[in-house]
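**Q** If you want the building blocks of each chain, they are given just below.
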Amino acid sequence: MSGGTTKAIPVEYLFNRLLTFFLTVFIAASIIWLIPRLSPIDPAEAMLGRMAAGAGFVENADQILADLRTQFGLDEPLWKQYLAYLKSLAVFDFGVSVANFPTPVAQMLAAALPWTIGLMIVSVVIAFIIGNAAGAFMAWQETPKTWKVVIPAAMIFTSIPPILSGLLLMWLFSAQLGWFPLTGSYGLFVTPGWNWEFIYSVIEHGALPALSIVVVTFGFWALGMRGLMTTVQSEDYVQLAKAKGLRPRYILYRYMIRNAILPQVTAFALKIGLLVTGQILVERIFSYNGMGKLIYDAILNQDFAVIQGASYVVILMTAASVLLVDLLYPFIDPRIRHGGGR
Amino acid sequence: MTATANTAMSKAEEREARRRAKRLKRFDSPWMNPKLLWGAGILIGILLFGFFGRLLWDPELVFIGSAPLNLPPLGFENLRGDGGSTAHPLGTQSSGRDILALLIVGAPNTLFIGVIASLIGMAIGIVLGFSAGFIGGRTDDVIRVIADVMITIPPLMVLIVFQTSIGEIGIVMMGVLLSGFMWQSPTRLIRAQVLSMRESGYVRMARLSGASTFDIMFKEMLPNLVPYLFGSFIAIATTAIVTAVGLETLGLGPQRVPTLGRVIYEAIDSAALLRNMWWWWGIPTALLATMFIGLLLVNLGLDEVANPKLRKV
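Chains as they are written, first to last, in this note's numbering: chain A, 1 to 342; chain B, 343 to 655.
Simulated from the structure, these hints should not be mistaken for laboratory data. Warning: the hint list may mix true and false statements.
[To be verified] Derived pair list, reagent style DMTMM-like, types lysine to aspartate or glutamate, alpha-carbon separation capped at 25 Å:
no. : chain 1 : residue 1 : chain 2 : residue 2
1   : A       : K80       : A       : D93
2   : A       : K271      : B       : D483
3   : A       : K80       : A       : D62
4   : A       : K87       : A       : D75
5   : A       : K271      : B       : D490
6   : B       : K561      : B       : E541
Make a model of the complete structure from these sequences and hints.
**A** Right under this line is the structure:
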């Protein structure tokens, strides 16, 4: 491996990370494929049942059943079905939705994803900034007394899943005070596009879902930051800076936070799975147009192709974020080198 | 202390002094920190609420139609202007279930799901973590890779697929399913600890004195891991409960037995927010929040036991 001076990612490390990524996606995809095969429910019969429920009576039921089996590939041997499934995942082909019949699942996912990712980035960034600031001030010796009481009190929310904070905020600010719209991701009478009305509407609708995530996640960053800050506080370079008579505020920003913040990024990789799924539940209660609503509607409609596709995409997103953090981290923190350097 | 002082002290005094010192020492134990005590108190309180609730209140009231509909809690009014009654002090929901009874039956169920999942998860984690850390080599590689891979898969997504395709499950089954996602972090934690302990003086000493591998693992190393194990247990129990509540609020999860998440799901589904029936979703939410705060406090307290550095802060 090359020395510490080069910034390129060593091939071995890259290979390891990529292998873990593909293994994760592969195992998850296999589990998702395997579970329905264990179920006693026959998808072809279930679909026929839907048709019968809709029409009251289905002619040539046996013929249709056989056709559906062929269409789903259910008459093939299992290993062939499995290979076909893996192949279709690789090209993001999840079949068509049963509830919205001819619409491909991929299209529905593509429509929902930007909302989920947008909401996620906004809430994660805000939570990261507030949380780290709170954590830093909690550990800093010069922080005013009142803040040292207020911040830990706010941290109580850390333990609560975002769906509960979402319910509370929704009740308080939408149902009671009427400051924010109750559900949805933009107003009914707004045309989507790059106009101010739409953008305002999106912000208005996204504020509460984002807030309910921020309220419960910032404490996680704050706790981590507090621990890191207490370690940094006793480092020699901080003592030296104090001895030099630098202003405490300058030491805080330039010496302590800058050094303490780095491991927080790794913590992000560990948290990402919970963040994504937590947000999906928040989207469900706010009827936000993202993956959460898509999954919830699919559950109500027994729309299995959508559920499978959405789960796969969420797992892919999680694995990709972890990979990204793993690969970016050494660039952010020069003290850490990729792979076996330690 | 001088010898004269010692002899001057009567035997009873001496015993009293020793007892006091012992008591002080007991309170000085890191296990007696306020966070841990408060957290454990909250959790035990919820369990007792479930236990004594069954004795003092009628659990049959969880059934549909066993109570009048949409009653508010005592001292409040619903939109129709009905007042609360002492027969249903926390109100009822729109299919005639008593909220208090739902909480009494549902809260322990929610906790049990977490406990089952993390007990199984811990057991797997201890076995795999010790094997990986102690045996090493190929075993270590395989266990490490599987744990690393499985830890990124969000349990909720897989369980949604499971629930929608299999359907009805009970409390125990739910815990067992969740445990499939709860063993990874204890495995990693224990493996790391075992690796660092393996070369420590007392383990080498035990090995030199001819102790068996089993004895070294479980008599020498395991006791040192206890605070970590408890911490890990609480952490995965929290994750399991969060996931279970998430599934339940999606309308999946156990359907025949009340759980707090399912109560919330029914409330959202019946537009309790718009109908201003805050007691329906608000009270279970508050109870769940209390439960999570209890778990967090226990976890913070155990952290202080495991990392003495944190105690000063």
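**Q** Could you run down the list of hints and mark each one as holding or not?
**A** To see whether the hints hold, each was checked on the structure:
Distance hint between K80 of chain A and D93 of chain A is fulfilled; the C-alpha atoms sit about 17 Å from each other, no more than 25 Å. This hinted pair checks out: K271 of chain A and D483 of chain B have alpha carbons roughly 24 Å apart, not beyond 25 Å. At roughly 24 Å between alpha-carbon atoms, K80 of chain A and D62 of chain A fall within 25 Å of each other, so this suggested pair holds. With a C-alpha separation of about 18 Å, the suggested pair K87 of chain A and D75 of chain A falls inside the 25 Å cut-off, and the hint holds.
Only pairs whose Cα atoms come within 25 Å are accepted, and K271 of chain A paired with D490 of chain B is accepted, the gap being roughly 14 Å. Proposed proximity of K561 of chain B and E541 of chain B is supported: the alpha carbons are some 16 Å apart, at most 25 Å.
Of the numbered hints listed earlier, not one is contradicted by the structure.
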